[in-house]
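Taken in order, these protein sequences are the chains called H and V.
Numbered according to the numbering used here, the first sequence spans residues 2 to 228.
Numbered according to the numbering used here, the second sequence spans residues 31 to 301.
No lab work stands behind these hints: they were computed from the structure.
Backbone N, C-alpha and C define an ideal beta-carbon position, used for all residues, glycine too.
Mixed in with the good hints there might be a few duds.
[What the hints assert, rightly or not] Label pairs and their in silico Cβ distance ranges: (1) Leu239/V <-> Asn94/H: 55 to 63 Å; (2) Val277/V <-> Thr11/H: 51 to 59 Å; (3) Lys116/H <-> Ile192/V: 52 to 60 Å; (4) Asn168/H <-> Val184/V: 49 to 57 Å; (5) Lys111/H <-> Val277/V: 37 to 45 Å; (6) Glu203/H <-> Ile192/V: 50 to 58 Å; (7) Leu171/V <-> Ile92/H: 52 to 60 Å; (8) Gly258/V <-> Ile92/H: 55 to 63 Å.
[As the list claims (entries may be wrong)] With a Cα cut of at most 27 Å, we get these calculated DSS-like pairs of lysine-lysine: (9) Lys6/H <-> Lys47/H; (10) Lys95/H <-> Lys219/V; (11) Lys111/H <-> Lys219/V; (12) Lys186/H <-> Lys116/H; (13) Lys157/V <-> Lys74/H.
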Amino acid sequence: MITLKNVRKTYENGADALKGINLEVADGEFIFIVGPSGSGKSTLTKILTGEVCPTDGEVVVNGFDMNRIRRSKLHKLRRTLGIIFQDFRLIENKTVYQNVEFVMRVLGAKPRKIKERVRYVLELVGLDHKMRCMPEELSGGEQQRVAIARALANNPKLIIADEPTGNIDPELSRELMALLVEINKKGTTVLVVTHEEELVNEFTNRVVVINSGRIVRDGTGGYYGNV
Amino acid sequence: MSFLTAFTMICCLIIMGTCALLTLNVQQIINVLEDENQMVAFVDEALSDEEARAMEKELLAIDNVSEVRFVTREEAMVNFLDRYDDNSLFEDVDSSVFRNRYLIYVEDIVFMEQTQNDLAGVYGVAKINALLKVAKGFVTLRNILGVVALSVFVVLFLISVILMTSTMKAAAHIRATEISIMRMVGATKSFIRWPFVLEGMLIGLFASLCAFLLQWGGYNLLAENISGALSFITVIPFESIIIPVLVAFCAVGVLEGMFGSVGAVKDRPRK
Numbered sequence: 002m003i004t005l006k007n008v009r010k011t012y013e014n015g016a017d018a019l020k021g022i023n024l025e026v027a028d029g030e031f032i033f034i035v036g037p038s039g040s041g042k043s044t045l046t047k048i049l050t051g052e053v054c055p056t057d058g059e060v061v062v063n064g065f066d067m068n069r070i071r072r073s074k075l076h077k078l079r080r081t082l083g084i085i086f087q088d089f090r091l092i093e094n095k096t097v098y099q100n101v102e103f104v105m106r107v108l109g110a111k112p113r114k115i116k117e118r119v120r121y122v123l124e125l126v127g128l129d130h131k132m133r134c135m136p137e138e139l140s141g142g143e144q145q146r147v148a149i150a151r152a153l154a155n156n157p158k159l160i161i162a163d164e165p166t167g168n169i170d171p172e173l174s175r176e177l178m179a180l181l182v183e184i185n186k187k188g189t190t191v192l193v194v195t196h197e198e199e200l201v202n203e204f205t206n207r208v209v210v211i212n213s214g215r216i217v218r219d220g221t222g223g224y225y226g227n228v
Numbered sequence: 031m032s033f034l035t036a037f038t039m040i041c042c043l044i045i046m047g048t049c050a051l052l053t054l055n056v057q058q059i060i061n062v063l064e065d066e067n068q069m070v071a072f073v074d075e076a077l078s079d080e081e082a083r084a085m086e087k088e089l090l091a092i093d094n095v096s097e098v099r100f101v102t103r104e105e106a107m108v109n110f111l112d113r114y115d116d117n118s119l120f121e122d123v124d125s126s127v128f129r130n131r132y133l134i135y136v137e138d139i140v141f142m143e144q145t146q147n148d149l150a151g152v153y154g155v156a157k158i159n160a161l162l163k164v165a166k167g168f169v170t171l172r173n174i175l176g177v178v179a180l181s182v183f184v185v186l187f188l189i190s191v192i193l194m195t196s197t198m199k200a201a202a203h204i205r206a207t208e209i210s211i212m213r214m215v216g217a218t219k220s221f222i223r224w225p226f227v228l229e230g231m232l233i234g235l236f237a238s239l240c241a242f243l244l245q246w247g248g249y250n251l252l253a254e255n256i257s258g259a260l261s262f263i264t265v266i267p268f269e270s271i272i273i274p275v276l277v278a279f280c281a282v283g284v285l286e287g288m289f290g291s292v293g294a295v296k297d298r299p300r301k
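The shape of chain H in the complex, shown without the other chains (with noise of 0.2 Å):
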């Protein structure tokens, strides 16, 4: 699903964002990649969505080695790719159901099978019922699982959330953790990028710690579990 040797990544103005990482993550895993601002998450979420290229290193997403890959095939990576982001980027002015319905049409899916497939998702996360609102009229909560079911609209293999739950209070973070471990258990990779260690410690899965461009812990436990 990804593997990841010696990476690195220097940007122009010097800044080592990455130091040599190695990371395998297998079909149907969950992890989190935690570790504090300025360590180089953003970076390595960056690099396997094939926004940045590394400056070293053999990067493979999904089968697509990105050190290959051309920037004109680029969005055939991320049609294997669910993106969530912080601040859930929805389009304002469409409702829940047309920003779903939206990522199928971009794609050229059938009308009968996007209709199928928006309400299957929104179900998932259980807002078939606010199909019609607007973004606006949802809380933070509700508009972050309207961005989780968009991730999955088009039934992908991995799930990259990046600091999904930075712009909604605590409660439903772990709501919104526990919709993507049940995602998971349906058989979609999940990876997770956060900087919240005790919604990390609420959970058992996989715990990557980078810190200053390095993997710094890998195992289980939470933020400070085993190695």
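Go by the hints and put chain V onto chain H.
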């Protein structure tokens, strides 16, 4: 913003259209004047009338000669006398003092001097009168007009394209979230760009149709006034050129919209 762009494009298109139609009309007037700008080839007095008439084929065979008309001595004298209101002074003049001559019309006055030299080489041609300076004046006028019209057209076209680029950049900025989502879910670049290009083309088409209708009305109004006040000028009827003008307006409008939009979204999506 789109409305403002369409409005400015309409103005630019009308100025471009006016410029093109003005050029077209002036070209026609110049063409008429050019057609009237003939040369006169005087026939050697030693040649008989039959021999003079026999020269016609040889003159017609010369490059750039479109038409020749033989004028006898008698006709030349009548034409001469017609120029004077009081021609009693010339009552005793015999037609033999005039020479047989040919009025020679050319296809393109640009090559008038060369044609004059060729005509001078024909056996029996004694002298040629050609208003070379007038011909050169027409050529210069035609060239200046062409350059001015083309310059105005190019400048206004670029202005319209820049305006469209700004509009589409603003539109792309407003829809930045939408674009970033499209990008992250795997939409192709062409899929992301196409709506903007289409929007630009539609604005261009709308502007060109509005400009065309306004131009049509304005042109006919102007043509009526010119025909009334300056009867010696023949204005090309708009209805006779309506299809090419409509096609040109639409093509220019759509191209402006297309180039403007492509310029605006060529760097979107960025990654």
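For this structure, which hints from the list above don't hold up?
1, 3 and 13
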